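As they're listed, the protein sequences go chains A and B.
Mapping of the first sequence onto the working numbering: position 209 corresponds to residue 209, and the numbering continues sequentially without gaps.
Mapping of the second sequence onto the working numbering: position 180 corresponds to residue 180, and the numbering continues sequentially without gaps.
These are calculated hints, taken from the structure and not from any lab test.
The model shown is predicted, which means the values in this text are computed figures rather than measured ones.
Even for Gly, the Cβ is constructed at its ideal location relative to N, Cα and C.
Zero decoy hints are in this set.
Below, in silico cross-link-like pairs of lysine-lysine (DSSO-like), each with a Cα-Cα straight-line distance of 27 Å or less:
#1 Lys64(B) - Lys43(A)
#2 Lys78(B) - Lys85(A)
#3 Lys78(B) - Lys64(B)
#4 Lys161(B) - Lys232(B)
#5 Lys78(B) - Lys43(A)
#6 Lys180(A) - Lys22(B)
#7 Lys195(A) - Lys44(B)
#8 Lys43(A) - Lys85(A)
#9 Lys64(B) - Lys91(A)
#10 Lys135(B) - Lys161(B)
#11 Lys22(B) - Lys44(B)
#12 Lys85(A) - Lys64(B)
#13 Lys71(B) - Lys85(A)
#14 Lys36(B) - Lys180(A)
#15 Lys22(B) - Lys195(A)
#16 Lys159(B) - Lys232(B)
#17 Lys232(B) - Lys135(B)
#18 Lys180(A) - Lys44(B)
#19 Lys159(B) - Lys135(B)
#20 Lys71(B) - Lys43(A)
#21 Lys43(A) - Lys91(A)
#22 Lys36(B) - Lys195(A)
#23 Lys36(B) - Lys22(B)
#24 Lys180(A) - Lys195(A)
Listed next, the stretches of chain B that the computed footprint assigns to chain A, with coverage defined by at least 3 CB atoms under 8 Å from CB atoms of chain A:
#25 2-14
#26 38-45
Under 7 Å between C-beta atoms, here's a sample of chain A residues computed to sit facing chain B:
#27 His55
#28 Trp84
#29 Gln141
#30 Arg145
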Amino acid sequence: MVKDLELDQILITQWFVPVSTMELKKVRNKKQHSPVISDMNSKQQRYEALVGAFHKDIYRYAYWLCSDQAIAQDLVQETFLRAWKSLDSLKDVNAAKSWLITILRRENARRFERKQFDLVDMDDVPLADNDSLDAEATMEQQLIRRHIQMLAPEYREPLLLQVIGGYSGEEIAEALGLNKNTVMTRLFRARNQLKEALENSMDNRRQGNG
Amino acid sequence: MDDLEFRRRLIAEPYDDDEAIKQALLEGDNRQQFGKDMRALDDKIAAALNVDVPDDLANQLLLKQRFTEHKEQNERRKWIFAMAASVTLVVTATFALWPQPHANLADYALAHVYHEPATMTTLDENANLTQVNAKLASYGAEMSTVDGRIFYANHCDFKGKRSLHMVLEHQGQRVTVFVVPHIEAFKDTPAQFEDGRYHGVINRHGEQGLIIIGESPTLVEETSGSLEQAIKWQRI
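Next up, chain A with everything else stripped away, as it sits in the complex (with noise of 0.2 Å):
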């Protein structure tokens, strides 16, 4: 997760910085390119940028926000619609990842007042397999999943900030307005819920072999 994160970095960085100084060079160089062009080529590179880092990202995000993927896609392509139209005010790069969660963010509380989706039941829902995977693993992270799934909004969120958005104690109290010890309580019976899961499930399978 954490090496994730720092790829993200790089490559936004990477991506963001040389476009910008092309940009400024092909003005200077050549006078018959139009500067609203290239300020238009560079939003558009900008934004592909943005889409390439950070599209995995939010879409797990989204889907374990709202536990179905085509509503996932919807919450994704919504969420970078608005992001390309307001790209302009996302001045620091390091903000981007935050930023679009922000988005997607305020995009789900939309869903929820235009209509309250049913809550699909988990073993419905094909989850999709991480490849090579033994059968325990593959059992196991199922089992994981299933129980994320079954967490409290209130404790599944601040789980998938700190995991997926990669925030901060303090970063989650301030995205869902909440003080910092009410996050960490919620994050420890996030974990200590998945903890406890885990191991009565071991328990079971031991007394079952048994």
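Got chain A sorted already, so can you dock chain B onto it with the hints?
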């Protein structure tokens, strides 16, 4: 840091690299092990959260943005066209309908003469001085004498203003005379003008103006001279 606090903090944030936690991790094998376990659990959670992302999602996002952009550009273009069209319309309408205060008085007077050619050739209403003065009164003018015949004396529309259009005789030739009130609206016109066929002068008397048009400069000048003496002007 007591054990409970240590566990609470590490469960809440397994990758917490706070100094106090680092220190606490060193305080015994149990704690080391617990730290490892929690990080392993967190890695499992992270892996579990990493659901597969639809392969073409990135392309879909770009496609949708391109489409929206294209649509918006079209709408913007339509809007610009609409604006341009309405500006053009307004400008055209303004030029067409706005009374032009700086229109050339000489050109207009000449055009008026050409528009009614009969006045300079055959038309003869045989008006007398009394009739002329009755009409002149509304322009604040009064004519004491007249040299020759008066072929024509009628109100007419002179560029939106009611004016008096007269055709007088001077030494057997016809001369057109316009009495124009509020001549100050026409500022750019020279006092003398000619177009190859007709010659003209404009005499200003305060707000009123007298335009004299005839076929030769001499004719115009002489008529102008005698009218200057014959007509008394009053403010209107």
